[in-house]
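Novice: Given next are the chains, with one letter for each unit.
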Amino acid sequence: MSRPLVNCGHAEAWASKLGHWRRSCAIGVLLGLGVLLTSCARTKSVPVENVSVTPVTSVDVLRAVHDSGGKAVLVNMWATWCGPCREEFPGLVRVAHKYAGQGLKVLLVSADDTGDVAVVKKFLSEEGVDFPAYIKAEKDQPFIDGLDKQWTGALPATFVYDSSGKLHDFWEGSVEFNVFEQKVVEVLGKQAKPTGGNS
Amino acid sequence: MNKGSFVALAALMTVAASAFGLNIGDKAPSTSVKMKGVDGKEVSIADAAGKEGTLVVFSCNHCPFVKAWQDRIASVGNAAKSKGVGVIVINSNDPTDYPEDNFAEMQKRAQQLGFTFPYVVDATSDVARAFDATRTPEAFLFDKDGKLVYHGAIDDSKEANQVSKHFLQDAVDAAVAGKAVPVAETKFVGCGIKFRAKT
Numbered sequence: 398m399s400r401p402l403v404n405c406g407h408a409e410a411w412a413s414k415l416g417h418w419r420r421s422c423a424i425g426v427l428l429g430l431g432v433l434l435t436s437c438a439r440t441k442s443v444p445v446e447n448v449s450v451t452p453v454t455s456v457d458v459l460r461a462v463h464d465s466g467g468k469a470v471l472v473n474m475w476a477t478w479c480g481p482c483r484e485e486f487p488g489l490v491r492v493a494h495k496y497a498g499q500g501l502k503v504l505l506v507s508a509d510d511t512g513d514v515a516v517v518k519k520f521l522s523e524e525g526v527d528f529p530a531y532i533k534a535e536k537d538q539p540f541i542d543g544l545d546k547q548w549t550g551a552l553p554a555t556f557v558y559d560s561s562g563k564l565h566d567f568w569e570g571s572v573e574f575n576v577f578e579q580k581v582v583e584v585l586g587k588q589a590k591p592t593g594g595n596s
Numbered sequence: 110m111n112k113g114s115f116v117a118l119a120a121l122m123t124v125a126a127s128a129f130g131l132n133i134g135d136k137a138p139s140t141s142v143k144m145k146g147v148d149g150k151e152v153s154i155a156d157a158a159g160k161e162g163t164l165v166v167f168s169c170n171h172c173p174f175v176k177a178w179q180d181r182i183a184s185v186g187n188a189a190k191s192k193g194v195g196v197i198v199i200n201s202n203d204p205t206d207y208p209e210d211n212f213a214e215m216q217k218r219a220q221q222l223g224f225t226f227p228y229v230v231d232a233t234s235d236v237a238r239a240f241d242a243t244r245t246p247e248a249f250l251f252d253k254d255g256k257l258v259y260h261g262a263i264d265d266s267k268e269a270n271q272v273s274k275h276f277l278q279d280a281v282d283a284a285v286a287g288k289a290v291p292v293a294e295t296k297f298v299g300c301g302i303k304f305r306a307k308t
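Protein chains in written order, with the numbering used here: chain A, 398 to 596; chain B, 110 to 308.
Mixed in with the good hints there might be a few duds.
Claimed, not checked - In silico BS3-like cross-links for lysine-lysine, where the CA-CA straight-line distance does not exceed 27 Å:
1. A:K519 x B:K176
2. B:K267 x A:K546
3. B:K256 x A:K546
As the list claims (entries may be wrong) - Part of the chain A face toward chain B, derived, beta carbon under 10 Å:
4. P481
5. A508
6. D510
7. A515
8. K536
9. F540
10. I541
11. W548
12. T549
13. G550
If you are wondering where the hints come from, they were derived from the structure by calculation, not from laboratory data.
Glycine included, every Cβ here is placed at the ideal spot set by N, Cα and C.
Given only the sequences and the hints, what does the whole structure look like? Please build it.
Specialist: In structure tokens form, the structure reads like this:
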């Protein structure tokens, strides 16, 4: 269970310091609201009707990597039922937004059942994904081997390609924003100097 | 080292380890490690081995893919055991973030599914690491000489009514008959194993 953002202090101190605590708490609550609003701005949801999810095979994904025109392309395999995937999603969306202006393309490929596309769209909507996304529409073995034989099939899995479509990095398991950023910046060949967007 | 870097390093080590994982023909690792079964008894892979071979399945309770395949794990496992193949199902997940994977839930699941073989806790996740197992459910079948003859999925579809290739069942039948396994390695999308931190 997470701790409350604002702790209004011990009961034994209330009698003598009530006025002080009220003022402190009021400030704390305002600061908390500010943090909350800032946080909400980072993960602003998008209308679900604006979320695009296209069924793909592994060939389609690799073609999308090549055709993206990105200076760096990050492919993330995930699923709505995958806890670690959900955990890393905010960092993933944040890096997508932060480096979009520098040529990063992020291709999110869901491994949910194609019949669950509405669930996928709802999740992407809530996470603020305002760029095209995809859903696996091929049997596991050909999809996994077609994408990259290094991948065992475990979720989440992330692939980072350079502008020529050459695989630069690959890993399985969830990571935080700073790792996504580091890997992307390596390919972009720059230091972390965002040019705008939601950071 | 911050948490993100650690997770990334762990993930990259996982990938690096994959290149040196079990190959067809290899012997099972960590066979003497005692693990607590749902009946409260300590059992190792060596203890569970059968005269016709040994089937090791990394599984858990919470994963939607395990839930989709669990009836088939039970039926293939029970059938294999009746043919003289020792069977052991191992839960290597850290239940901290996935309480459904705790011991009490394992006991319920084994009873519900009618396992006639041990369902055990890999308390350090080191057995999974030794096998280079990455996801659930992931099967390893060793023949009567202790050599790996099959590694991968239970069959070719999460949906029981869409199965066309019974990979594991066919491998068990071939191994018991002393024949070559028709398909020795398969890949599938699955839940990543929730490894405990290394001790």
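Novice: Tell me if the interface restraint on F540 of chain A is satisfied: Cβ within less than 10 Å of some Cβ in chain B.
Specialist: Holds: closest Cβ of chain B sits about 8 Å from F540 of chain A, inside 10 Å.
Novice: Hint check: K519 of chain A vs K176 of chain B, CA-CA at most 27 Å. Holds or violated?
Specialist: holds, 23 Å
Novice: Have a go at the G550 of chain A hint: is there a Cβ in chain B nearer than 10 Å to its own Cβ?
Specialist: holds, 5 Å
Novice: A closest beta-carbon separation below 10 Å is what the hint needs, so does I541 of chain A meet it against chain B?
Specialist: holds, 4 Å
Novice: Let's test the interface hint: is any C-beta of chain B closer than 10 Å to that of A515 of chain A?
Specialist: Violated, about 17 Å.
Novice: Min Cβ distance, W548 of chain A to chain B: is it shorter than 10 Å?
Specialist: Holds. Min distance 8 Å.
Novice: Just to be careful, I want the Cα atoms of K256 of chain B and K546 of chain A compared with a cutoff of 27 Å; is the pair within it?
Specialist: Since the Cα atoms of K256 of chain B and K546 of chain A sit roughly 23 Å apart, the hinted pair holds (cutoff 27 Å).
Novice: Measure nothing beyond the straight line between the CA atoms of K267 of chain B and K546 of chain A; if it is 27 Å or shorter, mark the hint as holding.
Specialist: holds, 21 Å
Novice: Once the shortest beta carbon distance from K536 of chain A to chain B is found, is it less than 10 Å?
Specialist: With Cβ-Cβ at 7 Å, under 10 Å, it holds.
Novice: Taking the least C-beta to C-beta distance, is A508 of chain A closer than 10 Å to chain B?
Specialist: holds, 5 Å
Novice: Please check whether T549 of chain A passes as an interface residue: C-beta within 10 Å of a C-beta belonging to chain B.
Specialist: It holds, given that the least Cβ distance between T549 of chain A and chain B is near 4 Å, below 10 Å.
Novice: Holds or violated: is there a CB of chain B closer than 10 Å to the CB of P481 of chain A?
Specialist: holds, 6 Å
In terms of the numbered hints stated before, the structure departs from hint 7 and from no other.
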